[in-house]
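Engineer: Okay, here's what each chain looks like letter by letter:
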Amino acid sequence: MANWIGGDQKLPQGRLILVSYGIVLGIILLLLGFWKLQIIQSGHYSDLAEKNRVRSIPIIAPRGKMLDRNGRVIVDNYPSFSILLQRDDPKQIEKDLPKITAGLGITEDDLEQQLKDARGEPRFQPLVVKPEASNADIAFVESHRTDLPELELMMVQRRKYPPNGFLAHVIGYVGEVSPEQLEQQSGDRYKPGDIVGKAGLEREYNDILTGTDGMRRVIVNSVGKPVRTLDDTEPIPGKPIQLTIDYNLQAVAEEEMAGKVGALVALDPRTGEILAMVSHPTFDPNDFAVRIPTKEWRTLNDDPNKPMLDRAIQAQLAPGSVFKIIMTAAMLQSHVPPANFHVFCPGYAVFYGRVFHDWLAKGHGEVGLHHAIVDSCDVFFYNVGQQLGIDRISYYAKALGLGKRTGIDLPGEEPGLVPSSNWVERVYHHQWYPGSTISVAIGQGATEVTPIQLLRTVSGIAMGGVFYQPHLLKDLKPVKVMRFPLAEDTVKQITDGMYGVVNEGGTGVFALAALKKENLQNIGFCGKTGTAQVISTQKLDSMSVAQRRNYRYNTWFVGFAPKRNPEIAVVVLVQDSALEAGGSAAPLAARFVASYYQEKLGQPIQELEAAQTAPKNPVAPAPAAKVIPQGR
Amino acid sequence: MRERTHTFEFDWWLLTIVMTICVVGLLEIYSSTHGNSLHGMQWRQLGWIGIGLVGMLVFSRIDYNALLDQAPILYLIGIAALVLVLAVGHTRFGARRWIVVGGVVLQVSELVKLIIIIVLARYFSEVRTERLTLTDLVKLGLLVGVPAVLILRQPDLGTALVLLPVAIVGAFLAGINWKHAVGVLALGALVAVVGWNGHFLKPYQKQRLATFVHPEESPHGAGYQILQSEIAVGSGGFWGKGFGKGSQNQLGFVPVRYSDFILAALAEEQGFFGVLISMLLYLALLLRLVDNAQKAKDRAGMYLVMGVAAILAFHVMVNAGMVIGYMPVTGIPLPFMSYGGSVTIFGFLALGLVMNVRMKRFVN
Chain P
1 MANWIGGDQK
11 LPQGRLILVS
21 YGIVLGIILL
31 LLGFWKLQII
41 QSGHYSDLAE
51 KNRVRSIPII
61 APRGKMLDRN
71 GRVIVDNYPS
81 FSILLQRDDP
91 KQIEKDLPKI
101 TAGLGITEDD
111 LEQQLKDARG
121 EPRFQPLVVK
131 PEASNADIAF
141 VESHRTDLPE
151 LELMMVQRRK
161 YPPNGFLAHV
171 IGYVGEVSPE
181 QLEQQSGDRY
191 KPGDIVGKAG
201 LEREYNDILT
211 GTDGMRRVIV
221 NSVGKPVRTL
231 DDTEPIPGKP
241 IQLTIDYNLQ
251 AVAEEEMAGK
261 VGALVALDPR
271 TGEILAMVSH
281 PTFDPNDFAV
291 RIPTKEWRTL
301 NDDPNKPMLD
311 RAIQAQLAPG
321 SVFKIIMTAA
331 MLQSHVPPAN
341 FHVFCPGYAV
351 FYGRVFHDWL
361 AKGHGEVGLH
371 HAIVDSCDVF
381 FYNVGQQLGI
391 DRISYYAKAL
401 GLGKRTGIDL
411 PGEEPGLVPS
421 SNWVERVYHH
431 QWYPGSTISV
441 AIGQGATEVT
451 PIQLLRTVSG
461 IAMGGVFYQP
471 HLLKDLKPVK
481 VMRFPLAEDT
491 VKQITDGMYG
501 VVNEGGTGVF
511 ALAALKKENL
521 QNIGFCGKTG
531 TAQVISTQKL
541 DSMSVAQRRN
551 YRYNTWFVGF
561 APKRNPEIAV
571 VVLVQDSALE
581 AGGSAAPLAA
591 RFVASYYQEK
601 LGQPIQELEA
611 AQTAPKNPVA
621 PAPAAKVIPQ
631 GR
Chain V
1 MRERTHTFEF
11 DWWLLTIVMT
21 ICVVGLLEIY
31 SSTHGNSLHG
41 MQWRQLGWIG
51 IGLVGMLVFS
61 RIDYNALLDQ
71 APILYLIGIA
81 ALVLVLAVGH
91 TRFGARRWIV
101 VGGVVLQVSE
111 LVKLIIIIVL
121 ARYFSEVRTE
131 RLTLTDLVKL
141 GLLVGVPAVL
151 ILRQPDLGTA
161 LVLLPVAIVG
171 AFLAGINWKH
181 AVGVLALGAL
191 VAVVGWNGHF
201 LKPYQKQRLA
211 TFVHPEESPH
221 GAGYQILQSE
231 IAVGSGGFWG
241 KGFGKGSQNQ
251 LGFVPVRYSD
261 FILAALAEEQ
271 GFFGVLISML
281 LYLALLLRLV
291 DNAQKAKDRA
301 GMYLVMGVAA
311 ILAFHVMVNA
321 GMVIGYMPVT
331 GIPLPFMSYG
341 GSVTIFGFLA
351 LGLVMNVRMK
361 RFVN
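Which chain is which? The protein sequence lines are P and V, in order.
Numbered per the numbering used here, the first sequence spans residues 1 to 632.
Numbered per the numbering used here, the second sequence spans residues 1 to 364.
Do not take every clue at face value.
[Unchecked claim] Result set (EDC-like, lysine to aspartate or glutamate): computed pairs, CA atoms no more than 16 angstroms apart in a straight line:
#1 K139/V x E126/V
#2 K10/P x E126/V
#3 K160/P x D68/P
#4 K563/P x E488/P
#5 K245/V x E50/P
#6 K95/P x D76/P
#7 K198/P x E176/P
#8 K10/P x E130/V
#9 K239/P x D76/P
[To be verified] Cβ-Cβ distance ranges computed for the label pairs, FRET-style:
#10 T233/P x T16/V: 49 to 57 angstroms
#11 G43/P x E9/V: 48 to 56 angstroms
#12 I28/P x L142/V: 29 to 37 angstroms
#13 L46/V x R217/P: 37 to 45 angstroms
#14 K95/P x L84/V: 33 to 41 angstroms
#15 V24/P x L84/V: 36 to 44 angstroms
#16 L29/P x L46/V: 29 to 37 angstroms
#17 R44/V x W297/P: 31 to 39 angstroms
#18 G188/V x K95/P: 38 to 46 angstroms
#19 V83/V x T229/P: 52 to 60 angstroms
#20 F362/V x V24/P: 22 to 30 angstroms
#21 V24/P x T16/V: 18 to 26 angstroms
[As the list claims (entries may be wrong)] Computed footprint of chain V on chain P; a stretch qualifies when at least three of its residues, placed anywhere within it, have a C-beta under 8 angstroms from a C-beta of chain V:
#22 22-33
#23 40-46
Quick caveat, the hints were computed from the structure, so don't treat them as lab data.
A virtual CB, placed ideally from N, CA and C, is assigned to each residue, including glycine.
Next comes chain V alone, as it looks inside the complex (with noise of 0.2 angstroms):
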């Protein structure tokens, strides 16, 4: 039973929910670059997808246990590749995420999400007791802190952030005291102000920051980006301007539009029909992951597939929310949709992770 099961407890459902995002991802990208040098952009997209099934695949036949066993060491990995990517690391935009490992550049801290899923949910299926201690919480804050704030220094406010959602919902379903909590979110508050006024952030973040805040101040500068992208959402109505149609996005006035503002163009051209279906798609692909938790053999399982939907969530709202001018520009793409190579194989290697809790369902 063991060894036939594998392929068939595949979720095909979450599988197929993942593809049709992928695909309304490509034709979005084919679209926003088919007009001029960046076309073609689409087939490397496809290649990613490749290359992350592939991933998909070969993460879904590894044990999660085995994972589990190994999350110490992957946990020292995780963060001596980090250093090594401050100390070596190949710079881009003005930021240093990208380690050149056999011709290939890759993002480090997309890495690094996946080990913190996994040292996370050893972590917290380690918990016995009914609710978090105080020292469970600073152990937990010194396990996101650590890499967090190595990724501030590539910097990478928005991937620093993407840490956190899975320590929270992993603390909410190991059970927290109310009083930690309010704890835990003042402390949060003073960090923020601290980090506000202290030196840790590179002034285009603030400025990034600040723009959210008052992006009308500055309509060329770099409010800029935030009202183009709303000017695309908004004039695409109902019904959208049509494939290929949107003059925001053909034109080039929405930033990055194969990439972190993908959605902007898609909801300049399909309208917000196309912005409902694309959000359903998600909310189908999160509610499926939670029911894949719920249906897991054990607690480390779930904590894996939480830690997924809970960093694919986090993707989802704040990429979505940048692109209405709900959230400050981070660089957070949306996964599976979003170009980008990093980004689109983490997510079909998380994807493997969840398969393969899935598959252990039944094993005992």
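Isolated chain P (complex conformation) (with noise of 0.2 angstroms):
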């Protein structure tokens, strides 16, 4: 054995204490760096262990309710069940991606971009994967608890509307809060994901409707399973809201516009409260109340007929021959002309060089107001209009409640508009032509309005000049009221003359008709027809008498009764209608008028009976054929 013992044995003693001197400063550091971590900081660390700890699991609270002004239920929740993707671990869930998707029936690409918006998010924040999980769903999570841990189940409420699009557009829907609304909100109320309004009374009325969240903590492992519950806080459940709308009405209202594109609202004049509000077609909220697929939501907003317009309150339309009752106004307001002003009308008139024709070719005579208003002589009103001139019109129109948002508590109010010769110079920049007054003056031209204005406006008018607030919420409070006091002659003389419509063998004569079917007849229905071209009068004029027959109208009809002290208003609106006002909206007014009343005298509603035998097509449009209607 070779001796390693030899040579120099003497041990360098000197460099092996500084070795050790080493190894103490060495462990006197660590134990530094121990110190700063779990004495200086250990408060940081506690607070980063805790969240690590404890994960907390929203628990939904469910929206309120909403109910019709007799406390019956429109809209409720039922439970059910959201599919969570837990995305704490990207490598795993994209390994399991082909089997989550097959799994639950979801598209891959659909949920690659959902992970992809998500990035932004806090990793520990889970992903909604499957709104509305269906049995078979449940199961497929449930089975695959130990191979798939990251999908999760929660417990959600959901929203129940009514079938078919009831009341679709007043109740909107529900939806996920959306980036813009996150980014605008002033607190944190709302987080990513959470369900908000996001049209109708869902929206108007959101922070009423929406609870408050609770919350279980729960103790969960590293990989976010949770363990063991530590304590549940409670959510507290929205507060539900009771509605003016009556459910049958609604109902009636509903069967009489089925088919047809345009609105029915209804309300009472003594309080605003609407009774029942249409615009068809319709749309089914129950399709937006889980997530909506892109292609449907585009199907819906690609649709001609627009099933997305709140028409009641977004439709911005010529008013036709139910602005002379706005023409009447005025005219016997300000006494220009005075009120026993008569014409004698051939048919048509001549202002500033041009022809102007009556909706009646062969003319109605010698007319006075009653008359005019009854009949719906244009010649009569563009006269009144001449003599007016445009800023009288425009400032009339502007003080009875047109040109200008009602204020009814549903978001998306269109403000409708009143042409004056400082709108024209404003937005146009040149003079007012003259010319145009005498169209403005029988509802044509640059006016528009929305068919719970017009509705409002003869309200207030039928009322003396008191113009509620049209509202939805039942206890709305303070209802706005707006004034324009009007002389006692000047509503007796108007509501005479839409009592004539009606009840004189006006252009409102088919609405007599429905009303005697129902022997209703002496309820004291006043109304308005209108008329408005849906085509120029140039284009018109180009048409054969056959293709005039295809031509279409907007008609408007707007009604109240009784006569005196109304307690119910109905504007109805049918858009692109074969028939005109006096044919189509007339009747259809005067039908669910009488509903109303059979329902106040406790008669049961024979809705359907009522639709179907009510004459469908009584005339066809024979005077279109022959003349331009200006307006009728």
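Combine both chains into one complex, guided by the hints.
Structural biologist: Here's what the structure looks like:
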């Protein structure tokens, strides 16, 4: 054996001591490191550890119900399951993606897109991959607990809307809060994935309807699986809201408007409470309660009939002859021309070198105010308009509530438009053409109104100049009231004229026929028809008689009952109707009002019978073939 | 006197310190694993300790001079084993570090650590000059470099680095020209830069090192381990959360909490107090080793003991530093405390060498 002990065996003791100093120094440095973490920064890391350990799972608060004025449930909730995807482990998800998409019946592209969109969110926030899970989906998640631990079930309360688009535009729908809403909110009320009202009352009264979500705190392990529940904070359900809508009347209105394009709104002129509100065509908000596939959304939006448009508050159209009510009010209030004004109507009139036709080519003969309203004489109101001038017309139209929002408690109301000389100068930079006043006088030209506006204006006039804010929330406080006091005589003349429209063989004669069917001809139903062309006069001129037969109208009817102190007012708009207002909108409004009285008198509403037996096509639009109707 | 003193000249103090560390480790392994599918690991660790103790006893009986005699052969065996493991090795966790010998999976690099201690002890003891010459340094570099590169190829950056302190401490004790020291440092820096930019490091190794520099950039990726470890340590406070009550540990946030990160688990549950006790135990262990080196009969013995001390100190520093985010995650366990067969057995065999040196000190 070699002797490794040989040679200089003096050990380098000094260096060994230096090494041990080094060791002591190293250990001290390490201890300082631990000291920094465990003593100085202990609080910070304790917080982090706590967050690691405890995960909060929201318990979704159910939204408040919506009830009709009699307490009948219109919008309810039902429990449902959402399938969540925990995103803690992207690699695992990537691997399981085909399995998940196949099992849940979703496309891989959609899920990948969702994951991409959620990249900015914290990893611990799960992704809702299937908002409404079927029993098969739930079974799939349950049976793959071990191999697909990233999938989880969450109980949620889902909105249940009436079927077939009943009251759809009023109710609106809910949906996931949008990124814009998240950015714009002041506090931190909403977090991504929260369900909020997106349209209609759901949006208007979102704050009332939304509850406060509860919280379940669970201890989770490092892969995010709950190990044990710590505690629950119970959710506070949203408050219900009671609507002014009468379920039965709404049903009648829906039935009447079925298959038509247009709107029907009915309210109580004494309060502004809306009893029924229909816009057709409609959509099914239940499609929105769950995430709506992009394709379906596009279909709804691209539909030429615009089912998403709430025509009751968003359709801005020429009022046609209904505007003659406003003209009458302006004339009587300003005494220009005086109340006893008479004209001879030969079927046309010439102003500023241009011929303006009456809808009745043979003319109305000698016409006073009452006759002019009842038979909707255009020539009479051409003259009234010419004498009043555009700015006086504009003043009264605005004073009576046109050209501005009614303040109905629904989002998205349109303001309409009342033209004036100022407006023309501001927008078109030229002077007002006096000839335009003649068109405006019979509700044509640039004037645009929404059904709700027209209804409120006519209701307010019938009430003597008290205009209540139309509203849908039963205990809305305060209900805003706009006052424009009208002379006793003004109100009397207008309501008498509108009474004549229906009851004295005027343009609303078919309304009376409908009332007689229900034996309700004595309710004192008053109204005014309006027909506005969808295409221009020039275009119509170039058509043959046969072509004109296919020409379609926007028809209006605004009515109320009884004549004095009305308790119900209704507006009907039928767009693209083959019939003029007297033939389509008027009897429809009459049938609706008949139902109102039947319900009030405790009679069963025969909505279906009424709709089916009423004359659908009483007359062909004969006048249209002969004359150029300016309004009726 | 010779034969009689053997058992009594055992370093009982050293053994007591080590066994205390082992018990602390066993308790923490139990705490970390009892609640899940890994439960019962403490018994297996106890088995490794048992085997290690037997190995230590055997090693302490073999005259270290005989081992030094066989140094060149041992060196060749070590190199051969490393080549073998690269060729036919058993792949686990993406690295080839294990070979199966008679049904037992062995981590060859642990064996190489022992061999390097012996080889370098002989090498340094043969240096007769006051200071190491440049030629000596080159030889030293080659002796350590060849196995280090082979271990790097497995790839196991941590263990490859473990070989360095043996050489560094040995060179320091043998005496080194400070100009040479600066040169070696510069060379080391150069190698590091080339190694980083070349293709010598596996992507995950680069990632780990990058993560070490910027852990907050990938809280759920590679930095996750470091961050979770720091949270465990920091949330422990002074007294800790109590045995079996560390949420980071119990819920599995701490990575390999029974092995490489056992100190994080201990720091969480026993607090700074527990860490202090553990660190003092390691300090005692290391100082006791230096004490043994000082009392060695010859330089070769001293180099053997200091080689062991250098490796153990390196393990403690790097592991504890890693747990608090001061060192990169390199897979270096805490000796005698971390779960693991190879590292535990290596530790005891190394202690066997130390005992051997101690028992020989009065032999002439």
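Engineer: For the pair we were handed, K160/P and D68/P, check the Cα-Cα distance against 16 angstroms.
Structural biologist: holds, 15 angstroms
Engineer: Take a quick look at whether K563/P and E488/P sit within 16 angstroms of each other, Cα to Cα.
Structural biologist: Given that 16 angstroms is the threshold and the Cα spacing comes to 14 angstroms, the pair holds.
Engineer: Do L29/P and L46/V keep their Cβ atoms within the hinted range of 29 to 37 angstroms?
Structural biologist: holds, 32 angstroms
Engineer: For K10/P and E130/V, compute the direct alpha-carbon distance and say whether it is at most 16 angstroms.
Structural biologist: OK: K10/P and E130/V at ~11 angstroms, within 16 angstroms.
Engineer: Given the range 49 to 57 angstroms, decide if the beta-carbon distance of T233/P to T16/V lies inside it.
Structural biologist: holds, 54 angstroms
Engineer: Confirm or reject the claim that R44/V and W297/P have a C-beta distance inside 31 to 39 angstroms.
Structural biologist: Given a distance of about 60 angstroms, which is not inside 31 to 39 angstroms, the answer is violated.
Engineer: Closer than 8 angstroms, Cβ to Cβ, for at least three residues: run that test on the region 40-46 of chain P against chain V and report holds or violated.
Structural biologist: holds (count 5)
Engineer: Starting from the range 48 to 56 angstroms, see whether the pair G43/P and E9/V falls in it by beta-carbon distance.
Structural biologist: holds, 51 angstroms
Engineer: Hey, K198/P versus E176/P, does the alpha-carbon distance stay inside 16 angstroms?
Structural biologist: holds, 8 angstroms
Engineer: Quick check: does the Cβ-Cβ distance between L46/V and R217/P fall within 37 to 45 angstroms?
Structural biologist: At 39 angstroms between Cβs, range holds.
Engineer: Compare the distance between the alpha carbons of K239/P and D76/P with 16 angstroms, and conclude whether the hinted pair is satisfied.
Structural biologist: holds, 12 angstroms
Engineer: Indicate whether the distance between the beta carbons of I28/P and L142/V respects the range 29 to 37 angstroms.
Structural biologist: Hint holds: Cβ distance 35 angstroms, inside 29 to 37 angstroms.
The structure fails to meet hints 6, 17 from the earlier list, while all remaining hints are met.
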